[in-house]
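Colleague: Each protein sequence line maps, in turn, to chains A and B.
For the first sequence, this note's numbering begins at 1 and goes up steadily by one.
For the second sequence, this note's numbering begins at 1 and goes up steadily by one.
Any given hint could be a false lead.
[Unchecked claim] Each computed PhoX-like pair below joins lysine-lysine, with the alpha-carbon atoms no more than 20 Å apart:
no. : chain 1 : residue 1 : chain 2 : residue 2
1   : B       : K89       : A       : K440
2   : A       : K146      : A       : K175
3   : A       : K436      : B       : K327
4   : A       : K330      : A       : K356
5   : A       : K343      : A       : K365
6   : A       : K261      : A       : K243
Simulated from the structure, these hints should not be mistaken for laboratory data.
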Amino acid sequence: MRITRTTGGHSRRAAAVATTVLTASALLLTGCSSDSDSSDSAKGSDASGPITLTVADFGQFGYKEAGLFAKYHQLHPDITVKEDVTADEKVYYPKLLQELNSGSGLADVQGIEVGRIKEVVDTKGDQFADLSKVINVDDWVSWKEKQATTSDGAVIGAGTDIGPMSLCYRPDLFKKAGLPTDREAVAQKIAGGWEDYLKLGEQYKAKAPAGTYFMDSASAMYNAVVSSNTEQYYDKDGKPIYKDSPSVKQGWSLAGEAAAKKLTQGLAQFSDPWVAALRKGSVATVACPAWMAGQISTNSGNAYKGKWDITRAPGSTAANWGGSFLSVPKGGKHVKEAGELVKWLTAPEQQAAVFKAIGVFPSNKGAYDLPEVQNAKLPYFNDAPIGKIYADEAKAIPEAVLGQKDGVIKDTISTQINNMEQRGTSPDDAWDAATKTIDKAIG
Amino acid sequence: MATTIPARDAATPPPGPPKPVSTERLAWRSRLWRFDDKASPYAYIAPFFLVFAAFGLFPLIYTGWIALHRVEMTGLDQMEWVGWENFGKILHDSEFWTAVSNTFLIGVISTVPQLLVALGLAHLLNYKLRASTFFRTLILTPYATSVASAALVFALVFRADGGLLNWLLHFIGLGHTNWTNGHWTSKIAISVIVIWRWTGYNTLIYLAAMQAVPTDLYEAASLDGASRWQQFRKVTIPSLRPTILFTIVISTIGSMQLFGEPLLLEGGTLGQTGGNENQYETLSIYLYNYGWNLGHLGPAAAVAWAMLALLLIIAAINWLFSRFVRKSAA
Chain A
1 MRITRTTGGH
11 SRRAAAVATT
21 VLTASALLLT
31 GCSSDSDSSD
41 SAKGSDASGP
51 ITLTVADFGQ
61 FGYKEAGLFA
71 KYHQLHPDIT
81 VKEDVTADEK
91 VYYPKLLQEL
101 NSGSGLADVQ
111 GIEVGRIKEV
121 VDTKGDQFAD
131 LSKVINVDDW
141 VSWKEKQATT
151 SDGAVIGAGT
161 DIGPMSLCYR
171 PDLFKKAGLP
181 TDREAVAQKI
191 AGGWEDYLKL
201 GEQYKAKAPA
211 GTYFMDSASA
221 MYNAVVSSNT
231 EQYYDKDGKP
241 IYKDSPSVKQ
251 GWSLAGEAAA
261 KKLTQGLAQF
271 SDPWVAALRK
281 GSVATVACPA
291 WMAGQISTNS
301 GNAYKGKWDI
311 TRAPGSTAAN
321 WGGSFLSVPK
331 GGKHVKEAGE
341 LVKWLTAPEQ
351 QAAVFKAIGV
361 FPSNKGAYDL
371 PEVQNAKLPY
381 FNDAPIGKIY
391 ADEAKAIPEA
401 VLGQKDGVIK
411 DTISTQINNM
421 EQRGTSPDDA
431 WDAATKTIDK
441 AIG
Chain B
1 MATTIPARDA
11 ATPPPGPPKP
21 VSTERLAWRS
31 RLWRFDDKAS
41 PYAYIAPFFL
51 VFAAFGLFPL
61 IYTGWIALHR
71 VEMTGLDQME
81 WVGWENFGKI
91 LHDSEFWTAV
101 SNTFLIGVIS
111 TVPQLLVALG
121 LAHLLNYKLR
131 ASTFFRTLIL
141 TPYATSVASA
151 ALVFALVFRA
161 DGGLLNWLLH
171 FIGLGHTNWT
181 NGHWTSKIAI
191 SVIVIWRWTG
201 YNTLIYLAAM
211 QAVPTDLYEA
221 ASLDGASRWQ
231 QFRKVTIPSL
241 RPTILFTIVI
251 STIGSMQLFG
261 EPLLLEGGTL
271 GQTGGNENQY
281 ETLSIYLYNY
291 GWNLGHLGPA
301 AAVAWAMLAL
311 LLIIAAINWL
321 FSRFVRKSAA
């Protein structure tokens with residue numbers, strides 16, 4: 001080496017320097033790429049030429065099923081809409097927060113679930129476009145848009161669906177167990193509330209067809225019970241009160257009772273075993289927010305077509321469980337066009353089309369009087385007049401107080417209720433475990 | 001480069017006595033060479049250290065910084081100094097200790113059988129075999145599959161209803177086991193995935209080490225009348241001692257980082273909390289759940305540092321142990 005040094009020294013040194021510089025610049029490039037991405041693009045100013053709008057959502061929003069993206073492209077040939085679906089909302093939401101934090105990777109339109117909307121409004125509200133200038137807030141059921149309104153009055157989400165509650169049940173199983181099968185008769189049996197529902201469950205269990213259960217999951221009933229109250233996990237001042245909340249207590253004790261009496265199959269909703277149970281037809285009733293009907297028909301499949309029916313939920317209080325919003329992050333490339341798309345997607349006609357396609361219920365009041373909604377019947381559910389059942393209820397739903405960590409609290413309590421059902425965990429132990437996790441989440 | 005040298009020549013005054021110029025030039029050159037000699041190696045290894053500083057060291061220190069603050073997923077720009085509070089929080093959390101013991105239990109029941117099987121397989125592969133390359137490649141294929149697909153396939157195997165394993169057990173008359181629900185069964189399920197994936201990898205490491213063992217040792221041993229088993233015990237194992245220590249260290253680090261398998265065994269919310277009673281929650285899952293699901297990055301960062309501390313403790317024990325082994329062998 002020493003001999004060849006004279007000729008090789010310079011070029012070797014140069015190579016070394018070049019490598020170092022290259023590496024350093026590569027690092028700089030990767031470090032800055034996210035910034036240059038968002039700042040280079042003029043926000044919504046360049047409307048000429050074809051553009052692609054991305055819609056990021058979770059679960060089943062129904063736009064594809066209703067053919068709305070294709071239709072929007074027909075109406076606006078310059079705009080192509082691409083949907084990016086995450087199946088599980090619990091995976092979707094942390095990703096959304098990360099993208100908001102880093103300012104990169106955001107879609108033009110982002111869906112937000114109602115259990116998260118309060119947290120987004122409180123902590124990330126300034127990162128979303130104010131839609132109140134685009135949509136007419138009064139078109140929605142009174143409480144829906146309030147949930148997406150920040151303290152400065154900006155509306156950061158347009159309501160998609162809501163979840164008025166009903167009860168899905170299997171008349172054929174009811175008949176075998178010697179219970180009434182008619183919609184109205186079943187509704188009468190449970191008109192007194194969820195205690196009546198449990199009594200009906202005991203009657204069912206006494207003569208139940210082998211291998212069937214009265215309900216899928218006690219946690220589902222818990223969620224239904226809590227949903228029918230205005231005060232759930234937080235009070236009006238945003239203070240967590242879930243430990244003393246009457247609705248939580250009521251839901252918890254009812255769930256414990258259902259678990260102790262073994263009225264449930266003890267399945268975590270949306271898990272694989274739950275899907276399998278629907279496919280096998282082992283469940284006689286499911287607490288049924290509007291969007292649940294789609295889940296049941298998809299998972300139960302053709303074998304049970306016409307064997308399900310829908311009736312009013314137990315009790316007389318109207319309840320809402322779930323529902324989502326569409327929002328437009330300010331960091332998007334086409335804020336203006338995205339706002340227009342959101343306005344169109346959440347207009348009465350489009351919400352009615354989605355309702356027809358997959359049964360998620362409109363939050364836009366204008367849709368309730370449309371024939372597609374009023375006359376809607378679900379053939380899968382023995383032609384149940386869902387339009388009427390849900391529309392009547394939707395108008396009566398009271399405004400519920402939302403809290404920042406509603407989603408986590410609901411999920412944690414549901415997990416512990418599943419423990420009571422599946423593993424016989426005592427209610428006290430389950431409650432201790434739930435409060436520990438929730439306090440950790442809140443604190 | 002050639003162009004720069006004449007240019008430098010041209011800069012020096014052409015006329016005049018040639019000797020002093022050349023010594024000056026030589027001195028300059030030799031100083032350059034000496035600098036080159038000393039500095040170039042650093043330049044050559046610089047890319048690694050730059051990348052390490054950016055993606056290893058900086059995150060490490062920054063994580064420590066976060067661990068001393070209150071930082072929420074919903075507001076990364078707002079940091080509030082809390083000192084050691086986050087560490088106190090996790091140390092007083094029984095779930096943390098559950099995760100620690102789970103991590104160690106799963107680590108032991110996956111590492112020990114895995115290394116023993118790997119040692120045996122490597123010994124078999126070390127014989128003269130037909131198509132040995134084929135078998136050596138075959139044994140590495142599980143390692144080449146992704147964690148995600150392996151975990152998802154095994155999730156089907158271990159499923160309580162309609163799972164392959166329960167179906168097979170049913171045939172030999174054994175009862176119905178909810179694998180993911182039990183404290184031990186869920187840990188065994190996860191260990192099976194780990195063992196399946198990593199045995200081949202360790203086998204190849206052992207095989208490489210075995211082939212480096214001088215053949216005259218074996219010849220001498222067989223001349224002395226040692227059987228195959230005695231050769232394995234008295235020649236192979238002692239020669240492999242450093243390699244075995246290496247694989248133990250690597251496996252320990254690996255089991256400390258165990259994440260994908262428990263996360264995907266049941267998936268969804270149950271995966272994020274390591275089962276409904278945290279029965280198979282590892283430290284990585286605990287960290288992930290604290291940071292990404294509950295949204296508190298401070299305690300999550302503290303967990304990361306606690307994991308590092310645990311690894312250092314294990315490394316120290318390992319070092320003491322290997323020193324003890326070396327001393328007693330001498």
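Colleague: Mind listing which of the numbered hints don't hold for this structure, in increasing order?
Modeller: 2, 3, 4, 6
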